[in-house]
Each structure stands twice: as C-alpha cells, then as structure tokens.
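Chain by chain, the residues run as shown.
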Amino acid sequence: MAEVRYTEDHEYVRVDGDTGFIGISKYAQEQLGDVVYVELPDAGKALAKGDEAAVVESVKAAAEVYAPVGGEIVEANGELEGNPGMVNQDPEGSAWLVKVKLADAGELGALMDADAYAKFVEGLG
Amino acid sequence: MSMNREGRPTAPAATGGGKPPTFTGNRALQIEEPLLFETGSLEKTGVDLPEPAKHESRLGGLERQGGTGLAGLTEPQTMRHYVRLSQKNYAIDTGFYPLGSCTMKHNPRLNEVMARLPGFGDVHPLQPERTVQGALALMDMLSHWLLELTGMAGVALSPKAGAHGELCGMAAIKAAHDAKGEKRSTVLVPESAHGTNPATAALLGYKVTSIPARDNGTVSVDAMRAALSGEVAGIMLTNPNTCGLFEPDIVEIAEAVHDAGAYFYCDGANFNAIVGRARPGDLGVDCMHINLHKTFSTPHGGGGPGSGPVVFSEAILPYAPVPFVKRNGEGLSLVEHEGDAGDAKPFGRQSAFHGQMGMFVRTMAYMLSHGSDGMRQASEDAVLNANYLRARLRDVMTQPFGDQICMHEVLFDDTFLTDSGVTTLDFAKALIDEGFHPMTVYFPLVAHGAMLVEPTESETKEALDQFIAVLRDLAKAAKAGDAERFTGAPRYAPRARLDETRAAREPRLRWTPETQAEAAE
Amino acid sequence: MRYLPHTSGDRAAMLSAIGVGSMDDLFADIPEAVRLKEPPDLPRHAGEQEVERQLSALANRNVAASSTPFFIGCGAYKHHVPATVDHLIQRSEFLTAYTPYQPEIAQGTLQVLFEFQTQVALLTGMEMANASMYDGSTGCGEAVLMAHRLTRRSKAILSGGLHPHYRAVVETLSRMSGAEAVARGARPEEAGSSDIAAAIDEDTSCVVVQNPDFFGRLRDLTELAEAAHAKGALLIVVVTEVVSLGAVQPPGSMGADIVVAEGQSIGNGLNFGGPYVGLFATRQKFTRQMPGRVCGETVDADGRRGFVLTLSTREQHIRREKATSNICTNSGLCALAFTIHLSLLGDAGLKRLAALNHASAVALADALSSISGVEILTSTFFNEFTIRVPGDASDVIDALVEKGVLGGVPVSRLLPGSHKDLIVVAATEANRAEDREAYVKALREVLA
Numbered sequence: 001m002a003e004v005r006y007t008e009d010h011e012y013v014r015v016d017g018d019t020g021f022i023g024i025s026k027y028a029q030e031q032l033g034d035v036v037y038v039e040l041p042d043a044g045k046a047l048a049k050g051d052e053a054a055v056v057e058s059v060k061a062a063a064e065v066y067a068p069v070g071g072e073i074v075e076a077n078g079e080l081e082g083n084p085g086m087v088n089q090d091p092e093g094s095a096w097l098v099k100v101k102l103a104d105a106g107e108l109g110a111l112m113d114a115d116a117y118a119k120f121v122e123g124l125g
Numbered sequence: 001m002s003m004n005r006e007g008r009p010t011a012p013a014a015t016g017g018g019k020p021p022t023f024t025g026n027r028a029l030q031i032e033e034p035l036l037f038e039t040g041s042l043e044k045t046g047v048d049l050p051e052p053a054k055h056e057s058r059l060g061g062l063e064r065q066g067g068t069g070l071a072g073l074t075e076p077q078t079m080r081h082y083v084r085l086s087q088k089n090y091a092i093d094t095g096f097y098p099l100g101s102c103t104m105k106h107n108p109r110l111n112e113v114m115a116r117l118p119g120f121g122d123v124h125p126l127q128p129e130r131t132v133q134g135a136l137a138l139m140d141m142l143s144h145w146l147l148e149l150t151g152m153a154g155v156a157l158s159p160k161a162g163a164h165g166e167l168c169g170m171a172a173i174k175a176a177h178d179a180k181g182e183k184r185s186t187v188l189v190p191e192s193a194h195g196t197n198p199a200t201a202a203l204l205g206y207k208v209t210s211i212p213a214r215d216n217g218t219v220s221v222d223a224m225r226a227a228l229s230g231e232v233a234g235i236m237l238t239n240p241n242t243c244g245l246f247e248p249d250i251v252e253i254a255e256a257v258h259d260a261g262a263y264f265y266c267d268g269a270n271f272n273a274i275v276g277r278a279r280p281g282d283l284g285v286d287c288m289h290i291n292l293h294k295t296f297s298t299p300h301g302g303g304g305p306g307s308g309p310v311v312f313s314e315a316i317l318p319y320a321p322v323p324f325v326k327r328n329g330e331g332l333s334l335v336e337h338e339g340d341a342g343d344a345k346p347f348g349r350q351s352a353f354h355g356q357m358g359m360f361v362r363t364m365a366y367m368l369s370h371g372s373d374g375m376r377q378a379s380e381d382a383v384l385n386a387n388y389l390r391a392r393l394r395d396v397m398t399q400p401f402g403d404q405i406c407m408h409e410v411l412f413d414d415t416f417l418t419d420s421g422v423t424t425l426d427f428a429k430a431l432i433d434e435g436f437h438p439m440t441v442y443f444p445l446v447a448h449g450a451m452l453v454e455p456t457e458s459e460t461k462e463a464l465d466q467f468i469a470v471l472r473d474l475a476k477a478a479k480a481g482d483a484e485r486f487t488g489a490p491r492y493a494p495r496a497r498l499d500e501t502r503a504a505r506e507p508r509l510r511w512t513p514e515t516q517a518e519a520a521e
Numbered sequence: 001m002r003y004l005p006h007t008s009g010d011r012a013a014m015l016s017a018i019g020v021g022s023m024d025d026l027f028a029d030i031p032e033a034v035r036l037k038e039p040p041d042l043p044r045h046a047g048e049q050e051v052e053r054q055l056s057a058l059a060n061r062n063v064a065a066s067s068t069p070f071f072i073g074c075g076a077y078k079h080h081v082p083a084t085v086d087h088l089i090q091r092s093e094f095l096t097a098y099t100p101y102q103p104e105i106a107q108g109t110l111q112v113l114f115e116f117q118t119q120v121a122l123l124t125g126m127e128m129a130n131a132s133m134y135d136g137s138t139g140c141g142e143a144v145l146m147a148h149r150l151t152r153r154s155k156a157i158l159s160g161g162l163h164p165h166y167r168a169v170v171e172t173l174s175r176m177s178g179a180e181a182v183a184r185g186a187r188p189e190e191a192g193s194s195d196i197a198a199a200i201d202e203d204t205s206c207v208v209v210q211n212p213d214f215f216g217r218l219r220d221l222t223e224l225a226e227a228a229h230a231k232g233a234l235l236i237v238v239v240t241e242v243v244s245l246g247a248v249q250p251p252g253s254m255g256a257d258i259v260v261a262e263g264q265s266i267g268n269g270l271n272f273g274g275p276y277v278g279l280f281a282t283r284q285k286f287t288r289q290m291p292g293r294v295c296g297e298t299v300d301a302d303g304r305r306g307f308v309l310t311l312s313t314r315e316q317h318i319r320r321e322k323a324t325s326n327i328c329t330n331s332g333l334c335a336l337a338f339t340i341h342l343s344l345l346g347d348a349g350l351k352r353l354a355a356l357n358h359a360s361a362v363a364l365a366d367a368l369s370s371i372s373g374v375e376i377l378t379s380t381f382f383n384e385f386t387i388r389v390p391g392d393a394s395d396v397i398d399a400l401v402e403k404g405v406l407g408g409v410p411v412s413r414l415l416p417g418s419h420k421d422l423i424v425v426a427a428t429e430a431n432r433a434e435d436r437e438a439y440v441k442a443l444r445e446v447l448a
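Protein chains in written order, with our numbering: chain A, 1 to 125; chain B, 1 to 521; chain C, 1 to 448.
Some hints here could point you the wrong way.
[Claimed, not checked] Pairs of lysine-lysine residues, derived as DSS-like cross-links and limited to a Cα-Cα distance of at most 27 Å, are as follows:
| id | chain 1 | residue 1 | chain 2 | residue 2 |
| --- | --- | --- | --- | --- |
| 1 | A | Lys99 | A | Lys26 |
| 2 | A | Lys101 | A | Lys49 |
| 3 | C | Lys403 | C | Lys441 |
| 4 | B | Lys183 | B | Lys54 |
| 5 | A | Lys49 | B | Lys183 |
| 6 | A | Lys49 | A | Lys99 |
| 7 | B | Lys345 | B | Lys180 |
| 8 | B | Lys19 | B | Lys44 |
| 9 | C | Lys351 | C | Lys403 |
| 10 | B | Lys476 | B | Lys19 |
| 11 | B | Lys54 | C | Lys351 |
| 12 | B | Lys54 | B | Lys19 |
| 13 | C | Lys285 | A | Lys45 |
| 14 | C | Lys441 | B | Lys345 |
| 15 | B | Lys54 | C | Lys441 |
| 16 | B | Lys180 | B | Lys207 |
| 17 | A | Lys101 | A | Lys45 |
| 18 | C | Lys285 | B | Lys44 |
| 19 | A | Lys45 | A | Lys119 |
| 20 | B | Lys54 | B | Lys44 |
| 21 | B | Lys479 | A | Lys45 |
| 22 | B | Lys461 | B | Lys476 |
| 23 | C | Lys441 | C | Lys420 |
| 24 | A | Lys119 | A | Lys49 |
| 25 | C | Lys420 | C | Lys403 |
| 26 | A | Lys26 | A | Lys101 |
| 27 | B | Lys326 | C | Lys420 |
| 28 | C | Lys403 | A | Lys99 |
| 29 | C | Lys441 | A | Lys45 |
| 30 | B | Lys44 | B | Lys207 |
Please keep in mind that the hints were generated in silico from the structure rather than gathered at the bench.
Small disclaimer: the values here were computed from a predicted structure and weren't measured.
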C-alpha cells in the first residue's frame, strides 16, 4: 500500500518501498490552471530536501517544485514532455514528475498525511 | 512549490456567436487577411531593381543554393496587406489607451518629421566626427536637458530601452563597489517592483531581497533600514511607485541607503509624473533610467524601439559606460573606448554604436515644443487626470491601499467584483467592446486582480467623463449579476478571446508549407 | 500649449471634483524641501516652426549619406528603402500602439510578428526566430548567455573577425554576469582561422563567429560547427549585413545553433546608429531558452486563427529573477519595417538586391586595386572588404572627406592602436558607377 505525504507548498511524495514519486497536488494544479510545460531534471542528479526538483508552467505562471524529501533521481517522467496536460488530469497518479531513491525515510515524518493535508487546504479557503 | 495564485483563465469558453456569419468571414470594414506566405509568391516582387553588371563572383564558392522560400508581394498587394492588418490594431491615435505604467500619450508628428531629416535619419554612426557635428550637438543638447530636469551629474545615452538602462545603472553601481574593493551580495527590491528589476539584479549575480510595502502601498524607511546591511549593494526603487504613489519617505530612504554604503537605483519608468515638480538628484538618487518612449513620447510602435538613457550622481558617473560625447575645443567628439575615457573607469560597452539616435531627435522635438513650462504642465495634467478618475470612481471601484491622492496613475483591485462571477480579465475585455483599450491588469502583483489606470495628460475632460461613465456602468452591471456581458467579451473585436493555453502547449511560432497543408485539410 | 487639451476652467472643475484646492495639493507627498518652486531653468514652450528651425539647423551640420559618394559599412549599411515602407510604418495603428498585451485588439501587430519570425527563420536557414531584439550587438550578448544556459558552461570564444563593438558587448556582459569571454586576435590578413577550432575545450559553451566577418571575409563554417559540436559547444553565427543572405549560404545550412543578425539593412535607415532591429534565430529544441518576446499561432473562442504572445513564462514579468533575460521591449516598429521591405523584395527581389551589392563591391575592389600603393586584403567577400593604404588610414579618410567622399572606416577607430593602415570599405546598390569613379579619383589624389 503506497503512502502519500504532502508539504505545505503542495508537493507530494508517494512512497513505494525505498522509491518516492514526487509531484504536485490536485489542489496545486487547480491553482495553476492549464499546465503547458514541465521542465524536468536529468536522472542521476542528487536532490536534497527543498531543492528545486522541477518547474511546472502554466500560461500565467512558472512554479518551482521543491523536493519534499531528499534522494537520487532515478527517472523523470518523460511522458509529460509531450503531454503536459496530464498534470491537470492526473496530478497525483500518472503525472508524477520525478522518481527518486529515498535518501532518508525519516524525512517523511515531517510531512502531512492525506487527511492533514486536506484539512490544511480547507484552511486556505 | 512557489505559485502565482492570480486567477486568470487562459483558455476561452465559446462566445456562442450572436451574429450571423458572412460568406468571407469579413465584417464590412473588418477584412480577414491571410498570412503573407499565403498570398505572396516566390516570383512576385514589389521592387524594380536593375540587372547587375556582369561580374566575377568573389563569394568563394559559398553561393546560396536553392531559394530562400521568402514570399514576395507587388506594391499594391503590400499596401493592402499591411493596411488591413493595421486596421486590426487599437492605437492612441484611434482611442483612449489608459495602460498603467506604459504612458500612452499623444505622439506628435513633428517629431517623426524631424527624425527623418536626412541630416539625422541618413547619417552613419561611423562617419568621421567632423561630418556629424550636428548629431553630436543634438546628443549634447539632450544630455543638458535631461540633466537639468533630473538634477543629476551626468548621463549615458546609449541604453536601448528601460531594462537595458537598468542594467547600465546597476552595472555602474557594481563597478563603483568593485573600485572600492567591496564585494556586496544583495540588492533590495520592493514587492511592487517591475519584473525587470529583480531580473536585472540577478543577471549581475546579486541576490534579491524583497521589501514589503506598508498598508498604504509605500515603502517605509524602517522596513528599508531593517533590510540594510554591509551586504547590500543597492536598492532598486520605482518612484512614483508602481501603485501610482509617490514614496513620501524617499529622502530618508536615500540617506539610510547611503549611510549603509549602498547606492540608490531609481526606476524612472514613472518620471513623467514629476517632471518639473521634483528632481531625482534632489531626492538622493544615484542612477535612474528614463524611458524616453514613455516620458517624452517617442512612439511605442507596437513594442519598441525604446530608449533608456541613464542619469548618474557624481559618485557613480565615473563608471558610466562608453560611448559618450565630450567637448573638444571648438567641437564635440565621441569617447568610444574605455582607454580614451581619461580618469573615468567605464564599466564597458552595452551596444554597438551610440544609442537610439532616432529616439533622441524625437525626444528633443518633444522637449523643445513643451519647454520647461509645458513639461511641468504635462506632469500636472497627468496627475490631475488620474486623480479625477479616482475621485469619480472611488464609490464604485475599490482601491487596495485606501483612497489617497495618487500621482499619474490610479490603482484599483478586484474587491468590487467579489462574488460577481466577473474577473479583472473579464472586466478588461468588456471595456474592449465599449471601444476602450483596457487598463494594465494583474500588475502590480501586490494588489489582487490589479487594474492600473494611467490616463496621461493627452485626454480631454470629456474623454475622461465618457470613460468614467462606462466604468460606472460596467461596475454596476457586474454587481447586478450580468456576468455574461463580461465573460463572453470581447464580442466586437477582430477576434474573440484567444486560446493562450493552446499557443503555449503546442508552440507554433512560424508558418511552414506543411502547417498550411494541414490547415487546408 | 498645443499638446495639452485642458482649459483653465477644466482644471478648476476637476480640482474641485477631486476635492482639493490647488495643483500643489496633488503633489503634497513630495517632501517640501525638494519641491521645485519654479520650472527648471530651460527655455519655454515653442511652436512647430521654431522647433523645426532649431533642429533643422543641427541636421544641416551633418553630411547625409545620400548626399555624397558613400562607402561606410562596419555593421550599418546604406541601402535604398522603398517609399511604401515608411508610409506603412507611420500608419497610426502601427506607430501608436503598445506591446500587444490585449491580443483581440492587436492582431495587426501580432500577425506581423508571426510573419517576421517566419521571414527571419527562412532568411537565416534556421527553424525558429523570436520577435526581435534591440539590435544585432545586444542580440549577440543574449545569444552567449543562452548558450551558457543550454550547455551549463560559461566560456565563450569570440572570433577575431567579430565586430569589435559586438565583442565589447559580450565582454561587458560576461564581466557583469561572472562568465568568461575569450577574444581571439583580429588578423585581417589571414583567409580563415582554423586555429579557433583548436581552442574549443570542455569548458567552452559557444564559439561566436561573424560571417561575412568584420573585415568583409566570407567563409564556410561547416567544419567549425562540427568541431564545436564535437566538444559539446554551440556555434553562434553573427551576420551584420543581412542582405548577404540573399547571395550567401545561410548559417543554418552550415551548422549554426544560434544566429543573430543586425536587420537594419532591410527596411531601416542609418539613423546614426539606432534604432535598429536584432534578428535572433535558433533550433526548435532550444526555443524555450530563447530570450525576448515570441508570437505564436492559436485560435479564438470561435475557432478562428489568431496570434498571441506566448511562452511568456521565460520572461521577466513572470520569472522575475529567474527570467532568461531582463529584456522587456523588442524593436517592434523596426521589425515591421524589415518585414514590409522583405515582403516587397521577396525571394526574387532579395536575390537581385544581393547580386547588385556584390557586383558593386567587386567593381569597387577592382577599381581600387588599380591605385598604386593600395592593397586589397580580402579575396572572398560580399559587399565589404578591407584595403591597406600607405600611411595612416585615419588621415586618408579625413583627406577623402575634404574631397567629398566618405571612403570607409579606419580599422583603428574600432580597434584602437592597431592596423593603422587598414580601411574597411563597403559598397551597396546605392553606389553608382560615378560614385566609385569619384572614390578612385579622390583616393588616387590623396595618395599621390
């Protein structure tokens, strides 16, 4: 059973064993509007928690996506390059941005679980 | 992640038509015009050039193979193509253009005629100096006028536009620190700044620290003091600021900046509000660019060319870039190389040649026409017009920082549209249907759903009264729940709302024969 | 004052509506101590006739290019511009419009930009172009920054044949931004510099080379492109005379990654150095790292084709300190002039124009070479070449002015302290046979 954790900046990490799928939340894609381009990093790069992992662009905004946890990038989601609209359709599923090998599973503890995040978003009005 | 939450739909909903289509797609005076490449051909040309004399090629075997693919038009076709295209543009000459921060004022045609005098328009930048003494004299005269109006010590005329001027001023500031052996890392920029300010600072390798505005939309000297340190190279402050307000603490801010060993870069985009009323030199400014196309009305031409001379204080002037004009006995000469600058230490060169001469001539024609008295009156009328709009609209529209006297532009936010289903963008598009160019929208970012209105001094009271009546009617309609009038707008423009999402997702940035074939299918 | 519409009655009524007593009240936020009590010490307003007289007097002190045998180039060229061009760019709707921020009422400007981008791509042989830069030199600086972003390296190698002002712009920008620019020495005598390829290393982001170069030389850049690519570097090709592209193989077909050009020669007058228009073209895959504005095709809500500014997330108003460039303005009206003139030319007219230029330069070179003591240094060229004269070239140029001939640019004006006996000479379709004869006669006399 995959576990999903969120940041206050609306990134998520879906954990599957020692692999993490990083992306932006459903709420974040709604706020951004139609995503037109995704700038992805190269595989092999090491990310520390809080590093810029990707950039998601809509027509009106470019949003830097910061790594919710540290780890080495195993793969970037190349499918998004041809079809950035996937981020609007399935942000927390098939439209993950980067896959990392988690450096420290302990970092997950500082993040919100789905319920806490839902409450957090509700609080934003 | 960092996010811009400013809502603005970028893919339109269908308008539902409303008017029966025509066979051609034309609508009387609005005639659809295909692309040049769809109407022109490779054989056609609109010039009659003689047959070249027989000559042996010296191209060294590098002759271009095959055609260029460039479509040609005969002269009557050219005329019709571009005249029809022009008719799809809004312009100051056709109507009120209250685009905040952009200063769309009347463009006198005398200025165009002067710039086209052969002695200015048909002179090469590398002619021997003795054959261009009049051009150098014009640059010298322009410098004198700019320095009198700003109270500064010297000027670099060469920057090609405002942002280029910013880079010039900040590079000179960096050079001044370098000359003192100081390495400073940070530049302070208020939240309300133009996007060019942080972009310029970053290009020079500075970290940008944002200074929050206080409740009334201006920067406090305390906020500035709190951010200042030995790491701060300078501040970049727009005055009057992008909310249309004069920074009342500016003199104290300048003192605090100088006390910290930093310099004060003033973004002069809004200098047009205070010409003849205050001089940046008296306010403690070290560098300021002047957008000649805004303040002194050289035409905007659908996005340039601009011109952005920078004025300097005594402290920064030695680091100003080449080229510059200097007196040389009886005549004038150009200093074109850093090595010829004497005691000065120019930071380098920003562009080929000597700057936007065509804009200098237009500016000089504007200044001579207005004179000292006319320029002061122009600033006063610009400020009067903005405040008149504010006074007549304050009961139906909302201002983010309360109702206070503004300078040459007045800032509204979208609070008055709350729960109406109408966004700032919708509101702007409805103005198009009423025959006005919209105000600047979603800038500055410090106001939610910002609408920045700059009427300029060129408008009559009657034109302002009509604009006021329209805005009042629109505000009333929005509050009354007539959202459809807004969300479907514009209905009467050459195009309905355009799909920006599609343009960005599948960028199509040029015509190709293949795309044409595809479209024909 | 003819430009200010308010009567004193209007002003009084408006002040009253605002609820203030006087104009001074509107400027109350300006600290008392720095308020100007009187207008600055400059002349008062003047009528059209007076302004015309003053400015015409200044203009008359300059020698206009059309008034005399004229052979100056080096980055700006004297060409004939059809009357249609200036008429059309003075249409109110083009001249007095702003940047097309509201595309529904700016389709004229936007479609022109789309046509411009297409023309620039075709002319340079590249896949994509932007909506113009300030001029060729600033475009060159931006191209180097773009190459640094693309390669994540920070060293540019500048060919010795690059226009010295362009070189200075790149060097200045590199100094500012902490990058490295290595300029090669200018060697006008050599046919080509293959040693530049040897200087490319693993830190090199790009090689900047001009074609035809500053001295007028043309060369095939294919091998240089291959050498750059082999080291992971990009080839930036600068063209200061775009008319050459009507006759010469375009940079795109020689392997260029970025092409920057000065577009002045088509549609724009000399204007003592500006405003001009920078052309900027690149490969499709680099589009998102391209600086400046870009126009793209789309559809409106009713499905009709239309144009918008696009990819704006690269730009300063959205990315702020992370933007690809701090540029805000393009050179809209000059780009319009370029596009109109190039539509008038078309493929056929451009080729003819280029052939006329080449013929004019060949004829001049041959005539000058007959003068004793004059040496033509450039064997392959388009419409510009370098000559060696006995003695100081600046003195020769000055002496030619006395004889009513503007004979070129002494190389030492742009490269101070070196090559004191060299002159760069340009000839275009604007020169008649009698102009060339006047030049030859005058130079013969000066050197006698």
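Going through the earlier hints one by one, which of them does the structure break, listed in rising order? Hint check: 4, 5, 8, 9, 12, 14, 18, 19, 21, 28, 29 and 30 fail, others pass.
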